[in-house]
Amino acid sequence: MSDTFFSGAPHWTWFIILYFFVGGIAGGACFLAAVVDWFGGPEDRPVVRTGYSVAAWGAILSGALLTIDLGRPLRFWHMLFQSANVPALMFKGWSPISFGAWAILLFGLFAVLSALGGAAEEGRLHNPALRAVGGVVQGGLAKVVGGVAGLLGIFIAGYTGILLSVTNRPIWADSPWLGALFVASGASTGAAALILLAPGRGATEQSLARLSAFDTKALVVELLVLVLFVASLGSVNRVWIGFWGLVLLVGVVGLGIVAPLRLHLQRRPLASAAKLVLLGGFLLRVATILASEGIERYRVAAGM
Amino acid sequence: MPEPMGFFTDTTVCIGCKACEVACKEWNQLPAENGGIRELSGDSYDNTRRLDGIHWRHVRFIEQFKGPYDGRWLMMSDVCKHCVQAGCLEVCPTGAIIRTEFDTVVIQSDVCNGCRACIAACPFGVIDINPVSGTAQKCTLCYDRLKVGLEPACSKACPTDSIQFGAITELRTRAQKRVDQLKSQGVKAELYGADPNGALGGLNSFYLLVDQPEVYGLPRDPQLPTRNLAMSSSLSVASAAVLGVLALVGLRKRRMDDMGGPGEGGSN
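Protein chains in written order, with this note's numbering: chain A, 33 to 336; chain B, 5 to 272.
No lab work stands behind these hints, which were simulated from the structure alone.
Just so it is clear, CB atoms sit at the ideal spot from N, CA and C, and this is done for glycine as well.
Be aware that one or more of the hints could be misleading.
Claimed, not checked - Which stretches of chain B does chain A cover? Using the computed rule of at least three CB atoms under 8 Å from a CB of chain A, they are:
no., segment
1, 6–20
2, 98–106
3, 142–149
4, 241–252
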């Protein structure tokens with residue numbers, strides 16, 4: 033028996049599941065937007081602007097979800113400053129939650145700046161202050177800000193998996209692949225969100241086809257990493273015999289990866305594939321978190 | 005600077021009276037569960053069942069019975085291990101968890117914001133949220149009592165000296181003598197967590213056991229949560245790099261297509 037079965041469940045449930053899902057989409061979409069911003073053409077601008085908007089709203093929602101989930105939400109700033117020694121900063125580079133708190137703050141800042149730049153580009157900003165900020169984040173500066181946001185974005189998508197691995201809980205600490213899996217899932221769900229939302233901001237068919245092509249590759253990577261994740265669990269895999277295993281197999285692999293892969297390859301309606309990818313990304317977080325959360329330590333210890 | 009202090013728990017003399025649990029609850033003013041209406045476990049005389057935010061001591065009852073007249077009770081008063089290398093302290097993002105001058109590990113309730121990272125990090129399942137404070141809590145090894153020269157409430161209350169408090173070096177010597185005594189009587193006794201070169205640099209609350217650690221709900225080889233950090237981070241970076249290259253290759257191919265380059269084959 034893995035030694036992880038003697039630890040206690042941290043009660044990370046729906047707020048955290050939603051955060052991992054939303055953070056993955058926001059991070060993945062921002063990463064793709066930054067790549068397209070740097071290496072795409074003028075016709076791809078709607079995708080770039082959509083990506084930064086998704087990132088900005090996702091970062092704000094992520095911050096809210098994380099704060100609400102705390103036992104003492106008003107003390108959220110204790111993650112950033114030493115509460116008894118303000119303004120000394122609180123930072124532990126080896127603690128994923130500490131690192132992540134700073135990353136989400138900076139990601140939010142750079143994503144919001146990039147989104148304002150994009151909105152100003154479209155002439156959608158009516159508030160003078162926001163228009164002024166958006167007006168500054170243009171051209172070369174916009175690329176730099178977007179590039180930083182993109183790098184922070186892919187970090188946000190993946191660190192949540194590392195955070196789970198840096199525990200002593202069953203499944204999470206029994207494999208080093210969760211971070212890589214969440215990176216791939218962040219990329220696939222980020223692309224899916226762009227496929228669904230970018231047409232509303234004028235994305236061309238060509239841009240969407242390219243997103244579909246990328247999503248296909250991301251799904252293949254995700255499937256490969258998922259196989260490696262499960263293989264690395266070894267004897268711990270017995271925890272999947274039950275409801276969460278069914279969710280992983282049917283929901284994540286079947287509906288969330290294989291079905292949209294078929295749709296992408298057959299060039300069927302992209303929106304249907306994208307919705308399935310989002311469903312799969314959500315169920316991946318649900319299954320990996322709740323399968324571990326549900327393991328009662330004393331029952332296992334007592335051999336029950 | 006005081007010496008490292010801790011507990012040596014000799015499980016062979018524990019009688020399961022739960023005086024330690026009561027003393028701990030009283031001294032630390034820990035609330036009752038469910039408003040004092042306790043649900044009985046139904047399958048054991050142990051109704052506390054686990055350590056958590058309002059149970060900092062738990063007398064574990066292990067009932068090993070093959071038949072009605074063939075078996076034994078093992079009892080162990082469980083508590084925070086005050087690890088020399090503590091996983092909870094390592095991951096705490098607020099700095100709420102500190103190491104004291106007595107080499108014990110304490111959660112400062114006025115700093116903790118209830119993120120619960122420490123709960124998942126502890127290999128022993130010691131920590132949980134206290135619903136009254138909304139913060140993570142566990143045994144403080146009665147830091148307030150130690151500061152004024154008193155011994156912790158639990159060891160003070162223990163009527164059989166199953167829980168012994170003292171300087172760690174002295175406790176280790178005493179524990180080894182007890183193991184030798186039991187072995188000479190034919191009892192399979194082993195110390196758990198007494199080795200400073202062992203897991204987590206040794207436990208400042210260590211045990212004398214007469215069965216496998218797992219039987220007592222203890223991991224055989226407890227480890228720090230950061231053992232996975234380097235590998236997990238490396239694989240995540242590799243995954244991000246692969247996806248980044250895939251995104252770039254797609255775009256570059258398209259650009260070459262647009263420029264009328266070497267068509268479908270122009271992917272490099």
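Tell me, in ascending order, the numbers of any earlier hints that this structure violates.
1, 3
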